[in-house]
Every structure is written in C-alpha cells, then in structure tokens.
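Protein chains: 4
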Amino acid sequence: MAPVESSQESAHDNNDHLVKSDDSQHPANLIPELCRKFWTLGWVTGTGGGTSIRDNDLVYLAPSGVQKELMKPEDIYVLELSKQTDPKKRVYLRSPPTLKPSQCTPLFIAAFTKRNAGCCIHTHSQWAVLVTLLLESRPLNTNVFEINNIEQIKGFGKGYQKLGNLGYHDTLRIPVIENTPHEEDLTESLEEAMDKYPDTYAVLVRRHGVYVWGETVHKAKTQCESLDYLFQLAIEMKKLGIPWLSDIP
Amino acid sequence: MAPVESSQESAHDNNDHLVKSDDSQHPANLIPELCRKFWTLGWVTGTGGGTSIRDNDLVYLAPSGVQKELMKPEDIYVLELSKQTDPKKRVYLRSPPTLKPSQCTPLFIAAFTKRNAGCCIHTHSQWAVLVTLLLESRPLNTNVFEINNIEQIKGFGKGYQKLGNLGYHDTLRIPVIENTPHEEDLTESLEEAMDKYPDTYAVLVRRHGVYVWGETVHKAKTQCESLDYLFQLAIEMKKLGIPWLSDIP
Amino acid sequence: MAPVESSQESAHDNNDHLVKSDDSQHPANLIPELCRKFWTLGWVTGTGGGTSIRDNDLVYLAPSGVQKELMKPEDIYVLELSKQTDPKKRVYLRSPPTLKPSQCTPLFIAAFTKRNAGCCIHTHSQWAVLVTLLLESRPLNTNVFEINNIEQIKGFGKGYQKLGNLGYHDTLRIPVIENTPHEEDLTESLEEAMDKYPDTYAVLVRRHGVYVWGETVHKAKTQCESLDYLFQLAIEMKKLGIPWLSDIP
Amino acid sequence: MAPVESSQESAHDNNDHLVKSDDSQHPANLIPELCRKFWTLGWVTGTGGGTSIRDNDLVYLAPSGVQKELMKPEDIYVLELSKQTDPKKRVYLRSPPTLKPSQCTPLFIAAFTKRNAGCCIHTHSQWAVLVTLLLESRPLNTNVFEINNIEQIKGFGKGYQKLGNLGYHDTLRIPVIENTPHEEDLTESLEEAMDKYPDTYAVLVRRHGVYVWGETVHKAKTQCESLDYLFQLAIEMKKLGIPWLSDIP
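Quick note, the sequences are listed as chains S, A, V and B, same order. My numbering applies: residue 606 is where the first sequence begins, and numbers increase by one. My numbering applies: residue 606 is where the second sequence begins, and numbers increase by one. My numbering applies: residue 606 is where the third sequence begins, and numbers increase by one. My numbering applies: residue 606 is where the fourth sequence begins, and numbers increase by one.
Check the hints yourself; a few may be wrong.
If several chains are the same, the list does not tell them apart, and a pair holds so long as it fits within one copy or across any two.
[Claimed, not checked] DSSO-like mimics (lysine-lysine), calculated; alpha carbons at most 27 Å apart, straight line: (1) Lys-767 with Lys-705; (2) Lys-801 with Lys-677; (3) Lys-763 with Lys-705; (4) Lys-642 with Lys-705; (5) Lys-625 with Lys-801; (6) Lys-688 with Lys-763; (7) Lys-625 with Lys-677.
If you're looking for bench data, these hints aren't it; they were derived computationally from the structure.
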C-alpha cells in the first residue's frame, strides 16, 4: 500500500513544482505578467479572454474565471500536449485546487497542434468585436477582415513555416468565424479557418474577440498588439469614411 | 462609573481595530485597492462613485468626498447590517473622525438586504451615463438597457439564487431608474427596479451612473467590468449604426 | 562687509529650504505628484499646463518648460503673494537656477487674490479645447459652456464664500475667454470673467485649455477632474446628438 | 600576435562599456525608459517605431523587433556618426549579439546630420496615420499637415538654428512623404522634405507614422508629445466638423 500512498501523495502535491520557478521567463511566471498587461489594454476585462504558452510538450494555461490582473503562477494549469488523445477527456498534469480549466483550452491546443505555435492569446478586445460587427452589417456575413497599405501590417509573419514578414503592400487577411454558445464548440470552425487560411496567425470570432498565435511568446504577443492596432485603426477609418483596402502603386 | 468611562474610551477609540488588518483581502484594505483601480478606469472621477463590501453582518463603506485613488483603510466606515432598523437613523460601528458617510449607503444596503450581495460598486462611468442618455432620446424614456449576442454577456450570473451564467444568446437586461437630486432618494426606485427585475445584478441611474453588485467582491467587480465593457461597446455600436439587439440563430 | 556676504550667501542658497520637506503634503512635494498624475490624464502633454499651490502668503509654482511627469521639488518657484505689488515685476523668494517661471503665474495669482483660492490648475485637456471649439462654431462666439442634469455637476461648489455644492438640476456655467498670443495677457480677461461669473471655479480659454481653482488642493483637483469628465461627456453627447441642456422636472 | 588577440578580445567584448552606466540620463538608459513610456502611449505597439539619441559623435539606437516596453540597455546599438561614410555599409561600434539594427537607422542619421538633432523619435501613432489618411482622401494627395490657432502649437521651436518657439497664430506645417515598402528607402524623400521645409522638426509618413526630432532629448520628446496631441485633436475636430485652419485676428 505504501507505493499507492506515495502516488496519492504525489497526486496530492499536484505537480506544483511545474509552476514554481525563479525565472521570470518561465511560462507560469510569464502568463500572469502578460495577463496583467492585457488587462490594462482592455483585452481581458471581467475575466474574459485567456493565454497559453507551450514549452515543448508541456502546455501552460490560464484558468477560467480569474481576474486577469491578479493572476498568480499557482493558478496555472499544465498538460502534456502528446497525451491529449481524447478531445472529450482532457488530462491535466497540474490543476489548481479551486479553479476551473478555461473553455479556450481546445482552441489553444488547435494552435499548438495544427500550427506548431508556442503561444496563443485570446482577447475580447472591443476593436476586434466591432470589426466583426461591421463585417456583419451586409446582406451576407463577410468571413474575412482585409486591410492593406498600412505600415503596421509588417508586424505579421508571412505564414506557417515561412520566413520573413508581410510587406507594406500585402493584404493582411484574418478569417472570421461565427460564435457559438459554448466556447469549446468553436474548435471545429477554428480548425477549418486554419485550413482555409493556412498562413494566418489569427482568427476573429464574430461578436466575441480574436485568437492570435505565434511560434514564440514574443511573436504571439507582438502580433496580437499589431492586430489590435489595426482593428482600432480600421474602426477609426470607418468613422472617417476611409476604406480598409486601397490601390497604391 | 468606571465601566462607563471604559465604554467612553471604547467609543473614543472608535473601533479602529475593525479597519486594521495585515490581510490584503480584508474589506478595509480591499476597498481602497479597488477604488485606486476604479479611478484609473475613470469610474470614480472627482470623488464620484463608491464601493461597499459586506462580511457577514459587517458592512464596510467608502466615505463621501474622498479622492478615490488616495483612499486609506482608516477612511472606511463600518456598520452592522442587522442593526439598521431605522432607515432615517444610520448607526455606525466605526466612523472616520473627519469624514462624512457616503450618500450611496442606503443603496448599498438595499443590495445587501434584498439581494444578499457581498459587494456593491457604484460608478459614474461615462459609458453608463451615455447609454442612459441614448435611451432617453425618445418620446418616452426607456427604462431598460438590452443587448444580446455578445460573448461578454456570459460574464453575468443568471440571477438571484440561481446557478450559472447567462448564455451568449441571452438578452442582458439592466433596468434604468430616473435620477433624483439627493442620492439617498434613489433607494425606493432602486428597490422597485430590483423587484421588477429580480435577476438583475445592476441598475442604471439616468444621467448619473450605475450600481452593480454580486455575491462576492470578485463577482461584483468582474460583473461591473463586463457591464462597463458592454456599455462602451454599445456606444461605439451606436456610432457605427449597429443595433444592440439582433436575431442570430 | 560680513553681513552683506552672509546675505549673498543666503541669496546663493536660494531659500532651497522652502522646497525641501519630508511631508508628502508639502506643496513642493504635492505639485510634482499632481503633475505626474495630470500627465497620465493627458492634461499637461508636452510641458503644457501648470499647477500652483498657495500656503497662506507663500505661493508655490511649477516652472515653465519642464516635462511634467519628471518634475522634482527643486524645480518649484516660491513667491510671497502680499509682496507682488508691481504686476510687471515679479519677485521670487526662491527660483530654480536653470529654469524659467511659468507664463501662467499672473493667472494663478488672480485666482489666489480675487478668489482666495488655495490651489489653481491649468490644463490643455483636449476635451476642454474641443468644447471651446464647438462653442465657436456659430455666427458669434459663445462665451459660456452650460450643462445641467448630470450627476457629476454635484462635484462643484456653489461658489465663492458659499457653502455646499451645486445640485443635480442646477446649470453649471463655465465662462470662455478668447486666447491671446502671450499667456500673461489673458490675465485681464480672466479677471473680467471672474467678475462677471463671481461663483465660477473655472474659466475656459478658447483653443487653449482651462483654469480651475479651489479653496484647497483637494477641491481644485477634484473640481478639475469633474470638469474634465463633463467636457469629455459633452463631446460624446455632441457626437451622439444629445443636447447639453435639458428640461427635467 | 598578442596585440591582435587583444584587439580581438576587445571586439569580442563588443564595447559593452558604451551601454553600461549608473547615470539615468545616459542614452543607453534613457532610450529604454523613453520606449517604456512610448509603449503606454500606443506609439510603439508591436515593436513598431524607434528612438535614437546622439551624444556628440556617438549615436545610440534602439534595435529592431524588440518589445519596446521590455527594452534593456544591453539591447542598444552604438555607432560613430562621422564614420558612416558609406550609406550602404553601416559600421557599428557596439552591436547586441542576437538582435538586428533598426531599419529606421538611416532616417535617424539624416536628422542628426542634416539638422544637428540630438534625438529622433519615430512613432506609429494612430493619430499620425489617420491624419495622413485624411490628407490622402482628395483628388491629389496633400503633402503637408497644417493647423493654426491652437495653444499647443507653441510647443514647437521656430526652426533649425532659430531661437524661440512658434506663436499661437502661427501655422504649424508638417510635411507628409509617401511610404515605401522598405523603411530605409524613405531616407531620400525624408531628406527632400527637410530641404523643402527647412524649419520643420517632424515629417509624417503616409499610412505609417511620424519622425520627430529636436536639439535635445527633452525637445524631441516634448515636441513629439505636442505633435501627437495636435494630431489627436485634429482627428476629433474632423469628426465634429471643425476646420484645422482658421482666421482669428
């Protein structure tokens, strides 16, 4: 019985060592720091949104329902990407005792699995929501946000397994998927959008927000910033009657 | 006479121990911290707005007329909820020597008494005021703000003594009451709105702001954030010609 | 000669003790702290704006041309109010060695002399400037900003040497004066506006900003916040087609 | 061979002493501090924008692709201005081991060489971009932003090698150049704009942002703030139907 008790003890200590590190760049320290920053940007208001970082096979996830500017390393979930064989039964290596896992988890996993991303950020940015609302205000819903000839577009990579960034004249295209009552049900259409737009680093969710990913935390975060900049700019352009697409030689 | 003197001494020391604690989660520490945050959000500009936390029978209240970002634990009022039998004669267990109690007090008490709330937040958010102004610009004043099919709606509980949160397709309804010259005179219409909308966690006050409550500090604060997000989004939707209610399957 | 040398030494040390204090509430400490806060609010961008505090006969002034968020106590000017008999020759008790006095000085002194103010704040807030621009866009310039039936109006005192604050239904009136090429030339029209509106705590300057004062630092600062709130609200109301004055029973 | 090895050692240590200083005003400390501030202002979102300081012949440059709010002194490039004789072959005195030099470098050098500037700031401010978009929405592109009769204009110097600042009635003119796919290709048209507008302290880049310089860090930074204030004001004026130029006696 001793081994069993020992194993139970191990279960009891819940692999807390996975979220304890003195390194400020450890995912369990980085996620709370990022979330504090995102809260000040209005991206994760009222516990909305989320963030996940992948370190090889280990995936670190912000929990559900926590005030993002108050998050602590011990609030972080950890799972092994290669062991998530049954999408209906998530297995966590480390779970915070009193919290619930984020409904965004399958969407983050899609970015890690299908795009080999190292970090995925989900925001409820109002600019993202407004862009999807403007694209809805037509006979048929438009399923892609397009903008070109804005310098900030150069903040985006050319796409999956491609080197370099988009150019100034390139058109940035971000697919829009329809929202669902349960966030995990977005997974299928998110994966479809990834298939249809293999080079995109982001997917807008109508009346909801945006998912942005990148090979590294640095790339996911800076692409998320650049995209939010473009969404906000697009809303102001709309108010001033300036089109999002232009033909500049 | 000795006991009387002792009692007077006790009155003289004003129960200051009630607002002294090393625990950052103690209400007398939490209220100033929340108010600092709310000030940066523009919710409590120019000493407007207020916050109250209930811990069992003890109610902790921000005072009137204090710069919210500079509030200190010793500025906090404390009263016993069960002892407030005469609404015209408020009895405080602890009063800061040089301050005045908040005019919001009877409204906070209504949330604690009628809704068993653990925290109530009052903001002068411009987005809240603008929403009430837009609802006024009609032949008859509209007495309810309604919005649906926005993901952030899921940040709200289903209602008093009900489990779970609103769904994406649910319509969030926040009643609007008319403002009065004296804030305490709002109490009756606030209570009427609570009766008419038993599941609401908030009441808008025309040309004034909003009261938001929750079972816990966490819920009141995150619902207040989600609501302010929705008010701001609603104003931007109005500017862009997008209706607040839609019919999405 | 010894006394003279001693006097010169005293001049050389420049009364620096007047701006050295361990008390966070000392004017020489408060002005930099306020200016840091005002910078984050966008009120004193690019060295614009200014702040002055009066402590009995001593007047403490932020200097000209300093980055407001980086101001230090040793940057503060000090003068004696009762000794400023010649408006063309300002005498300073303490001058920072390498800085220039603010052009706002005579306007601050007007608030101290004519209104017995304890603090005067000058901002270049864009909301203030936009309000004056909207009042200009008519056949004749309008020389007063008026708004009523907004709760935040209660953040203003009833007026000079009167007790209590404005009520919700009261109309807040802030006079607007025309800008001049040299800031000190505003003094005369500022004083005229003070005479015409004896109870106002603020004067707008067309295409420039606003001067706000109060009996204490607390009152000047919170009235300045409330006013900026109302200016911003007024601009948003204008965008949404809502009038600033209304007739509510 | 010993001297050579020593020289190689010196090359190996990469002149790191040039970016190590306990003085907060040292360029290698100032640039990261400025960039943190600019990030909060939305000027350098998503690694966009940049900053450079010149100290006599030494030029300190923020690198490419770094999160601006996280920049460290050891990320700074250093070069000698007088040794940049071949514009196609930049020689750095000190290079961070894993970073890339900024594409803005030739534009910063133009400000240092042609205008004797001590600091040059490049932002992607949305207000700057929107101003260039509004000036584009005409039959022919407008190549200058003009505004007058706004107090904040006095935040600008009169021009190259001139004393004093612009007056309230003066028209501030900022030339606009067309964007190019590669940032370094802007150099020629930036220099042309400097020739055509010899007194300007800034050049707008269409659909991209703005370059602002000054004799000192203080002047470049405060002029950049004043200009951004004017761009934001101009956008709000446009929304409210108020012209940027007016005829005020």
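Hint by hint, here is what the structure shows:
Only between protomers do Lys-767 and Lys-705 lie at most 27 Å apart by alpha-carbon distance; the minimum there is 19 Å, versus 37 Å within a single protomer. In this assembly of identical chains, Lys-801 and Lys-677 lie within 27 Å of each other by CA distance neither inside one copy nor across copies; the values are 37 Å within and 40 Å between. Taking the shortest Cα distances, Lys-763 and Lys-705 sit within 27 Å of each other only across copies (19 Å), while inside one copy they are farther apart (36 Å). In the homo-oligomer, the alpha carbons of Lys-642 and Lys-705 lie at most 27 Å apart both inside one protomer (22 Å) and across protomers (26 Å), since each shortest distance falls under that limit.
In this homomeric assembly, Lys-625 and Lys-801 never come within 27 Å of each other (Cα to Cα): the closest approach is 39 Å inside a single copy and 50 Å across copies. Taking identical chains as interchangeable, the C-alpha atoms of Lys-688 and Lys-763 are never at most 27 Å apart, the minima being 31 Å within one chain and 36 Å between chains. For the identical chains of this complex, Lys-625 and Lys-677 are neighbours both inside a copy (10 Å) and across copies (25 Å), given an alpha-carbon limit of 27 Å.
In summary, the structure is inconsistent with hints 2, 5, 6 from the numbered list given earlier, while agreeing with the others.
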